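Trainee: Sequence:
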Amino acid sequence: MSADAPPAPAHTPARGVTALVAATAASVTGDGMIIAAAPLLAASITRDPLAIASITAAGFAPWLLLGLPAGALVDRWNRKTVMISADLARATILAGVVALLTTDFLTVPVLVAAIFLIGVASCFFEPASHAILPALVGRSPEQLTKLNGRLWSADTFGRSLAGPPIGSVSYTTGPALPFGLDLATFLISAALLTRVKPAPVTAAPRATMRATIAEGLTYLLRHPVLRSLALGMTGYNLGYNLAAATLILYAQDILHINTASYGLLLGTGALGATAAGPLVPRIIRNRTPRQVYAAAFALQAACWALVVITPNAWITAATLAALGIGSAVVTINSASIRQHLTPDTMLGRITAATRLLGIGSAALGALIGGAIATLTTLTTAIMTAVALLAACALAFIVSREPRTDPRPDQDAR
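Residue numbers for the sequence shown follow this note's numbering, beginning at 39 and rising by one.
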């Protein structure tokens, strides 16, 4: 354990871990349906790549506006209550989407607004869901990695394997159906979360919101390991979404994939990620965070390059599966290190600040990818991502490894 990591209790009984994993599986399966259904719905209204990319960006953009305040509030509030409230809020928004769809009043701007509001609720849910884990299983790196692996496997199975095919197939039955199913999954998740019983934790001191946010940002920026992980997520998500934002158009126009098959194509990414989840402790053993990110950047660059060089549906499916493995490794590794090194009273803020950088860059990448595809071609957008990812891989290869025993300045605590 690093010197500045919070001391771990001798034993923290896991109470409600199964319910937490089940709630995650339920809600993200609904999210996976929308990942496929929302672009399909937008593509049925317009063929403008930038308009379609805005659907992806809308889900990430709230982090740019509310990520930091949400994280600060999560450190003050009961995290279980925050998660349940966020689920109920998202279910309510989706009820409005279903109503507008069934009455033929839904437009692309309205859909963008709905996805944005769902993203606002996620700004609270995500930091709370990450921050609650040490209160369930303690701060042992092994236990955190194991639980993060289970959650990531459940997340990717639902979000990328089960959800997209269900979303695309149910969309062919009726455009409102996948959104209604997503609504139901959030209600199921909220019910399951009532069974999660984390150990009591100390809330963050009631300082001003500005001071609370500044404390979290300062801690993150002055902590060499946490800062390196945040920068890695930023580059990884920027490159991924720059390439993936217009994937629906690439699949339809270049790979000639039909609506139902598009969901299956997205689902292949979860095959690698789901399989990799339980194996991550072995994959990352004796490897530093810098080495893990350097390999992940190189893998992602190679995968997107292969998609362009060999425009074949089967090869694209295989590369998405490989991307799933890389994403599983960097996500589980980063989350476990962050939860191990961060004091409990700051977990919401550190998670939110990291997500702000990572998800904000995803939104930026989606918009850049859509703009490049609009001004040039779909393949140019993907190759731009390849160049960016290759540069990031090189930067992590030549950079100095953060100290394994990091000691932020005392005023950063």
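To be clear, the hints were calculated from the coordinates, so they are not data collected in a lab.
These numbers come from a predicted model, not from an experiment.
Please note that a few of the clues may not be correct.
Claimed, not checked - The calculated DSS-like cross-link candidates involving lysine-lysine, where the alpha carbons are at most 27 angstroms apart (straight line), are: (1) Lys118 / Lys235; (2) Lys235 / Lys184; (3) Lys118 / Lys184.
Trainee: Verify the proposed pairing of Lys118 with Lys184, using a straight-line Cα cut of 27 angstroms.
Mentor: The hint holds at about 21 angstroms.
Trainee: Measure nothing beyond the straight line between the CA atoms of Lys118 and Lys235; if it is 27 angstroms or shorter, mark the hint as holding.
Mentor: 8 angstroms, holds
Trainee: Hey, Lys235 versus Lys184, does the alpha-carbon distance stay inside 27 angstroms?
Mentor: Holds, at roughly 19 angstroms.
Of the numbered hints stated above, none is contradicted by the structure.
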